[in-house]
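Colleague: Listed here are the chains, written in short residue letters.
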Amino acid sequence: MTDASLVVTDLRVEFSGFVAVGGVSFDAHPGEVRFLIGPNGAGKTTCIDAITGLSKGTGSARLGEKELLGKQVHKIVRLGVGRTFQTASVFDELTVLQNLDIAAGRHRSPISLLRARRGVDPSIEQALEETGLSGELATQAGILSHGQKQWLEIAMLLVQDAKVLLLDEPVAGMSHDERTATGELLQRIAAKRIVLVVEHDMDFMRRFATRVTVLHQGKVLSQGSVAEVQADPKVQEVYLGTAGAATTAAMSVVPEPVAATKNRTED
Amino acid sequence: MTKSKSWLSLSGIGVFAVLLLAVAPLMLTDHWLNNLGKYCCWAIAAVGIGLAWGRGGMLVMGQGVFFALGAYSMAMHLTLETAGDRIPGFMVLYDPLAPLPMFWEPFRSATFTLLAIVLLPVIVAGILGYALFKRRVKGAYFAILTQALAVALAVLISSTIRETGGDTGLSDFKYFFGFVLNDPANKAMVYFIAAALLIVCLLAVWQLYRSRFGELLVATRDAEERVRFLGYDPANVKLVAFIVSALMASIGGALFVPIVGIITPAEIGAAASILMIAGVAFGGRASLFGPALGAMAVGWGQSSLGSTWPEGWTYILGLLFIVVVLFLPNGLSSLPARLAAARRKPDVQPTPVIVAAELEEVRS
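As you go down the protein sequences, you meet chains P and A in turn.
When we follow this note's numbering, the leftmost residue of the first sequence carries the number 1, and every step to the right adds one.
When we follow this note's numbering, the leftmost residue of the second sequence carries the number 1, and every step to the right adds one.
No lab work stands behind these hints: they were computed from the structure.
Some hints here could point you the wrong way.
What follows is a list of derived Cβ distance ranges for each label pair [what the hints assert, rightly or not]:
#, chain 1, residue 1, chain 2, residue 2, range
1, A, R338, P, T9, 51 to 59 Å
2, P, E184, A, N236, 36 to 44 Å
3, A, L335, P, G23, 55 to 63 Å
4, A, R338, P, E125, 32 to 40 Å
5, A, L326, P, K219, 52 to 60 Å
6, P, E65, A, L145, 41 to 49 Å
7, A, L145, P, H107, 29 to 37 Å
Some chain P residues well away from chain A (every beta-carbon gap over 10 Å; in silico) [what the hints assert, rightly or not]:
#, residue
8, P30
9, G41
10, S175
11, Q187
Glycine included, each C-beta is placed from N, C-alpha and C at the ideal position.
Generate coordinates for the entire structure from the input sequences, incorporating the hints supplied.
Modeller: What follows is the structure, given as C-alpha cells:
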C-alpha cells in the first residue's frame, strides 16, 4: 500500500502554559505494530491528537513527504491518517453496513450521495471479513458488544483506506480472547499499513508490539524493542516507583481506571 | 432505512396524496379546504424542520425568517398586481408623494418573484449556515441565534410601516398571477398547488432519507467529530440540510399568502417560529410524516379551538407539548413502535437515543 513512514520530530503541545508533550520524536513504518506506552498523563493521546489535528502542536509530523501539523482535521484524514478514540465512537443509530459505507464514502461525488446505496462495496466486504463482523452486517451499531464496536472502528479505518492507523487503547475493556483476536488483527493489517497503538495493557503490548516508545511526562523515556524497553532501568523506575525491583512481571498490570472515562472531545 | 420500510413510506406518501388531492376537496367545504391549505403551508415548512432538526440535529428556531422571505416576496408581488400602475394603498396613506421603494420594483415581475422565493432563502441560509457551521456553532447557541434572527426580522418589518406595511402587514390581494382570488375555483387551485408541493417536499425528503446523504446526516447529528475523522467536513453536510429546510420554509410562506390573504410580522416572529417547531416535535421530528402531520394538527387546533376558546388553547398546546416531550420524546409517530416494543418486552423501556445525543451536543 505505501512505503511512506510516519516521522514525528520534536513534537510539542502546550495547553495554556502546561506542556503536555515536550519535544517527542519517534517514527513508525509499515510492517510493524508500533506501541506508544506510558503512565497516565504521559501525553500519549495528546501526541495522537496533535498528529490528527485535534490539538495544536509544533514541531513536525510527516507522512512521507507531507507535513500533517497545521492542517484541518478532515484534510489530514484525506492524506490517509485514520484514528480511533478511547471510547468506541461508532454511529449507534446506523447499522454496521451504514457505518462502513459512510467510512468508505469520502471519494464519492456529491451527486452519488443523493442516491440510495445498492449492494455492498467490495472493500466493505473485505473489511468485514478481516474483522470478523460479516454476520453483523445489518445489526445496529449501538447494540454491538464493546469489543465488536472497537473492531467496527478498525474496519471503518480499513474501508476508509487509511495508510496510518492511530489506535487509542483498542483493547480497553476487552476480554482476554478478544484481546488476542485484536492483536492478531493488528498484526495482519500492519503488514501493509502503519499501525500505532496507544496502550496501557503491558501484557498486550508484550505479546504484540514490534517496537515500543515509552513516554513519561511529555518526553520520550525509552525506545526500542519490547525486551530493550523492559530492561531499561528508567522504565522500571517509572512503572514501579523503585529502581530496585527488576522483575518485569510486575509491569504486567498497570491499573488505570481513569483512562477509560477520559474525555475525547478536546476541541 | 431498510428497503421494504422505505417502499412502505413511499406508498404512505401515495395514500397521503390521494387524501389531500382527491378526498379532501370532495369532503370539505370551501372554508375548511382553505384552512387545510393553510395547514399544508405550515406542513411544508415543518418537513424542512424535520430534515434539519430531526435528522440533522440543528434546532432551527427561526424558520420564520425563511417563511417571511417567501411570504413577503409573494405578498409584494400580489400587492403590486392588485395596485396595478398605482402605488399600493397603504403607502399612499403615510406619504402620498413618495415613490415606490426601490426593492419593491423588481417584484412587479412574476418570474422575478418566483425566482426570489426559491433563491433568497438559499442565498441567506447559505451565507448564514456557512458562517455558523464552519465556526462550529451548534446546540443551544445555534438555536438562540436563529431565534434572534426571527425576532430581529419581525421588529424590522414592524418598524418599517411605509415600506412593508408594519404590524398591519400586507393584505387585500385581489389577483394571484392573473387569477381572481375571490373566485372559489381559483382558491381551490391555490389549495391544490400547496397540497401538491407538500407531497413534492415529502418525496424529496423521502429520497434524502434513504440516500447516503441521509445516513451521513444522521451520522453527523450523532457524532460530528467522528464524521470529521472519516474525512468529511460536517459543516458541508449540515449546510445542505439547512438550505433545503430554508427553501421549504420559503415555499410554505409563499403559498401562505394567497391562501390566508394576509401576512404580518406576527406570522413570522419568535412565537410563530416556535409554533412551527412545536408541531414538528409533536408529530415526531425524525420521522418522515411526523413533522407534516404534527404541524397540520397544531394548525387545526389553532383554528378550531384557538378561535372558539383562545385563552384555553395556549394552555392545551403547552400541556400537549409537555406530555409529548416527557413521555414520547420522539413524537406521536414513535407511538406504534413503542407500543409494539412494549408488547414484546413489557419490562424493557426503549431508550430515547436521540435525546441523549442532543443533550451531548448542547453540553459540548
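Colleague: If a hint holds in the structure, say so; if it does not, say that too.
Modeller: Okay, the hints, checked on the actual structure:
1. Restraint check, R338 (chain A) to T9 (chain P): a C-beta distance of roughly 56 Å satisfies the suggested window 51 to 59 Å.
2. Taken as a hint, the range 36 to 44 Å holds for the pair E184 (chain P) and N236 (chain A), whose Cβ atoms sit roughly 38 Å apart.
3. L335 (chain A) and G23 (chain P) have their C-beta atoms about 60 Å apart, which keeps the hinted 55 to 63 Å range intact.
4. In this structure the supplied range 32 to 40 Å holds for R338 (chain A) paired with E125 (chain P), their Cβ-Cβ distance being about 35 Å.
5. Range check, L326 (chain A) to K219 (chain P): Cβ separation about 53 Å, and the 52 to 60 Å hint holds.
6. Checked against the given bound of 41 to 49 Å, the beta carbons of E65 (chain P) and L145 (chain A), roughly 42 Å apart, stay inside it.
7. The supplied range of 29 to 37 Å is met by L145 (chain A) and H107 (chain P), whose beta-carbon atoms lie about 34 Å from each other.
8. Distance check on P30 (chain P): its Cβ is at least 20 Å (rounded) from any Cβ of chain A, clearing the 10 Å threshold; non-interface status holds.
9. Distance to chain A confirms G41 (chain P) as a non-interface residue, since its nearest Cβ pair spans about 22 Å, more than 10 Å.
10. Non-interface status of S175 (chain P) relative to chain A is upheld: no Cβ of that chain comes within 10 Å, the nearest being about 25 Å off.
11. Once the 10 Å rule is applied to beta carbons, Q187 (chain P) is consistent with being away from chain A; the minimum gap is 24 Å.
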